[in-house]
Amino acid sequence: MKKSKQFWPFIGSAIAAYAVIQLLISMGILDDFYSNILIFMSINIILAVSLHLIIGITGQFSLGHAGFLAVGAYISAIVTMKLDLPFPVAILLAGIMATLAGLVVGIPSLRLRGDYLAIATLGFAEIIRIIFLNIDYVGGAAGMQVTHMTTWTYAFVCLFVTILVIVNFTNSRHGRACISVRENEIAADAMGINTTYYKVMAFAIGAFFAGVAGALYAHNFYIIQPQNFGFLKSIDILVYVVLGGLGSLSGAVVATVLLTIVSTFLQDYPETRMIIYSLVLIIVMLYRPKGLMGTMEITDYFKLWRSWKGDKQHGK
Amino acid sequence: MVNDPLLQVKGVGIQFGGLKAVSNFNLKINQGELIGLIGPNGAGKTTSFNLLTGVYAPTEGEILFDGKRINGLPPFKVTQRGISRTFQNIRLFNELSVIDNVKVAYHSLAKHSVLSSILRLPSHFSGEKEMEKKAMEFLKIFELDKYKDEDAKNLPYGKQRRLEIARALAAAPRLLLLDEPAAGMNPQETKDLMELIAFVRKEFNLSILLIEHDMNLVMGICERIYVLDHGVLLAEGTPEEIRNNPKVIEAYLGEEVHDEHA
Ligand SMILES: Nc1ncnc2c1ncn2[C@@H]1O[C@H](COP(=O)(O)OP(=O)(O)OP(=O)(O)O)[C@@H](O)[C@H]1O
Ligand SMILES: [Mg+2]
Chain A
1 MKKSKQFWPF IGSAIAAYAV IQLLISMGIL DDFYSNILIF MSINIILAVS
51 LHLIIGITGQ FSLGHAGFLA VGAYISAIVT MKLDLPFPVA ILLAGIMATL
101 AGLVVGIPSL RLRGDYLAIA TLGFAEIIRI IFLNIDYVGG AAGMQVTHMT
151 TWTYAFVCLF VTILVIVNFT NSRHGRACIS VRENEIAADA MGINTTYYKV
201 MAFAIGAFFA GVAGALYAHN FYIIQPQNFG FLKSIDILVY VVLGGLGSLS
251 GAVVATVLLT IVSTFLQDYP ETRMIIYSLV LIIVMLYRPK GLMGTMEITD
301 YFKLWRSWKG DKQHGK
Chain B
1 MVNDPLLQVK GVGIQFGGLK AVSNFNLKIN QGELIGLIGP NGAGKTTSFN
51 LLTGVYAPTE GEILFDGKRI NGLPPFKVTQ RGISRTFQNI RLFNELSVID
101 NVKVAYHSLA KHSVLSSILR LPSHFSGEKE MEKKAMEFLK IFELDKYKDE
151 DAKNLPYGKQ RRLEIARALA AAPRLLLLDE PAAGMNPQET KDLMELIAFV
201 RKEFNLSILL IEHDMNLVMG ICERIYVLDH GVLLAEGTPE EIRNNPKVIE
251 AYLGEEVHDE HA
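As you go down the protein sequences, you meet chains A and B in turn. Count the first sequence with the UniProt record's numbering and you get residues 1 to 316, in order. Count the second sequence with the UniProt record's numbering and you get residues 1 to 262, in order.
Honestly, the hints are just simulated from the structure, not real lab data. Any given hint could be a false lead.
[Unchecked claim] Now the in silico label distances, taken between C-beta atoms and shown as ranges: (1) B:R69 to A:G123: 32 to 42 Å; (2) B:E130 to A:I275: 50 to 60 Å; (3) B:N244 to A:P108: 22 to 32 Å; (4) B:P156 to A:T299: 21 to 31 Å; (5) A:F10 to B:F199: 38 to 48 Å; (6) A:I96 to B:R69: 34 to 44 Å; (7) A:D115 to B:Q31: 40 to 50 Å; (8) B:G18 to A:I135: 31 to 41 Å; (9) A:P108 to B:L109: 29 to 39 Å; (10) A:G123 to B:Q8: 41 to 51 Å; (11) A:I107 to B:A57: 19 to 29 Å.
We put the beta carbon where it would ideally sit given N, CA and C, even for glycine.
Make the full structure from the sequences, and use the hints.
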């Protein structure tokens with residue numbers, strides 16, 4: 001398959017991008033403000049790409065991604081702050097616990113369809129938030145102090161692993177099974193695909209990386225509070241995926257980068273931010289109802305461009 | 001034992017609310033047979049396919065495949081046991097490429113694990129290569145290989161129907177259920193398709209159950225024919241017997257003849 005040929009260039013350019021940015025940071029050219037944007041961007045991309053697997057690839061409309069983010073954030077904070085274990089352990093445990101949460105919600109609710117699944121996952125995320133709100137051990141409404149530990153290197157490594165895993169999963173028989181569920185569940189079933197299994201699988205993998213993002217998120221600020229993980233947070237993540245084009249991973253990445261930049265510069269004007277956000281959404285939905293990239297990937301555009309060039313050379 | 005029928009349907013029925021869509025349905029298919037299932041609109045033909053493939057659980061009766069009960073199994077397990085189907089209303093994976101549509105059906109025969117795919121272990125590459133090779137074989141038989149990278153939704157109608165059959169075959173069935181595979185095709189396309197069906201039947205040593213509206217066509221290629229009307233079995237026999245069965249002529253052929261003259 002051609003996909004395997006894209007593998008090494010991807011790894012190469014990723015490592016190069018990391019090295020350049022790390023160099024700029026250590027030389028002091030990128031100050032804290034910019035490195036913070038990059039970290040925040042990485043966290044958001046992890047969230048977007050993990051939700052993309054659930055919604056864009058498998059077609060399961062989940063509105064509870066902030067719930068997994070919350071589980072990851074609190075679990076990781078407990079691991080580092082209360083148990084004094086190293087940060088990488090916290091990241092891993094955050095992912096594992098979020099996966100378990102994903103299984104608990106997913107197994108019963110993934111039999112539901114469309115709107116019902118959306119409501120079930122929304123309810124789940126609210127329950128998670130309310131649970132943390134009422135546990136004094138993690139500070140209740142006042143929140144929990146967390147030491148700043150997330151660095152560009154941690155953020156990058158997690159982002160890199162997330163994309164690698166999700167791209168590799170998608171471009172395999174397992175990913176195709178998930179897409180077949182999205183495309184026509186009855187036909188997928190009739191072709192021997194265990195649709196529930198693959199829905200739960202996509203949900204679990206998506207939840208794992210949302211949990212990882214939660215660990216990075218918690219240790220990027222000095223405090224986490226239940227209110228950070230409300231319904232609006234789930235919507236924020238959903239917007240990245242929908243704006244990018246349901247089914248396009250690179251679309252989700254591009255949309256996340258753009259929106260993260262917009263919202264960072266408008267941080268101090270939350271009202272303006274919401275207005276611009278809404279405007280962007282309305283404009284995109286009017287002019288590109290399938291999202292920025294539809295179901296296309298950047299590599300598809302590259303192929304199109306090459307075949308277009310080829311046509312020109314052949315005098316067509 | 002070898003002579004046991006491949007499929008045995010014993011008194012199967014299903015009720016939707018007050019409507020008995022199919023009742024007391026009996027059917028037997030031996031290894032390698034090509035059987036026709038006919039009947040007027042709304043007779044319960046598609047419903048009986050849905051019963052055979054586990055889409056609906058029968059409210060009465062029993063279905064034995066290869067001597068084992070399969071009623072109550074979910075569709076994907078029925079398929080893995082060796083029954084696969086096409087749909088009257090085409091149900092392709094529209095946004096997947098033609099070849100990927102076929103690969104999905106080959107999914108359960110491939111063995112590489114999720115972990116091997118994520119880590120890109122050798123078993124992933126060999127497994128995917130095998131799938132690619134197999135899928136190409138099926139596309140070639142159905143002359144769809146030159147469309148392999150096209151999205152399924154972009155195929156013309158007749159080719160979509162062929163792709164559905166190619167996909168059903170990739171699931172490696174022993175019994176293939178075809179629900180009006182020639183619907184909407186022109187006479188030439190239909191003729192080609194029937195030759196193809198006869199070919200794959202030999203090639204893959206298949207048993208086939210075929211729903212088809214075109215009487216001449218069914219009479220021409222099927223060994224035995226079952227006739228459904230209002231959810232009950234009206235007749236069963238060779239094309240000759242069916243052609244001369246007064247009940248069938250009244251319920252079904254008569255209607256067709258009228259239609260043709262209208
Ligand atoms: N899920 C369902 N719920 C309620 N009624 C149903 C359902 N499926 C089928 N029916 C009814 O069962 C009867 C048989 O339908 P079926 O689709 O099996 O007919 P058919 O023989 O395939 O007809 P056609 O030649 O038009 O395809 C019809 O009256 C139909 O309305
Ligand atoms: Mg029908």
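Each hint, compared with the structure:
A C-beta distance of roughly 39 Å is found between B:R69 and A:G123, which places it inside the suggested range of 32 to 42 Å. Remark: the range hint 50 to 60 Å for B:E130 to A:I275 is upheld by a beta-carbon distance near 54 Å. Distance hint check: the CB atoms of B:N244 and A:P108 are about 56 Å apart, inconsistent with the given range 22 to 32 Å. One distance hint, 21 to 31 Å for the beta-carbon pair B:P156 and A:T299, holds here, with the actual separation near 28 Å.
Between A:F10 and B:F199 the beta carbons are some 43 Å apart, a value that agrees with the proposed interval 38 to 48 Å. For A:I96 paired with B:R69, a C-beta distance near 40 Å keeps the hint of 34 to 44 Å intact. Checked against the hint of 40 to 50 Å, the pair A:D115 and B:Q31 passes, with Cβ atoms roughly 46 Å apart. Range check, B:G18 to A:I135: Cβ separation about 53 Å, and the 31 to 41 Å hint is violated.
Distance hint check for A:P108 and B:L109: the Cβ-Cβ separation is about 30 Å, which falls inside the suggested range of 29 to 39 Å. Evaluation of the 41 to 51 Å hint for A:G123 and B:Q8 yields a pass: the beta carbon distance comes to about 46 Å. Distance hint check for A:I107 and B:A57: the Cβ-Cβ separation is about 21 Å, which falls inside the suggested range of 19 to 29 Å.
Checked against the numbered hints given earlier, this structure breaks hints 3, 8; the rest are met.
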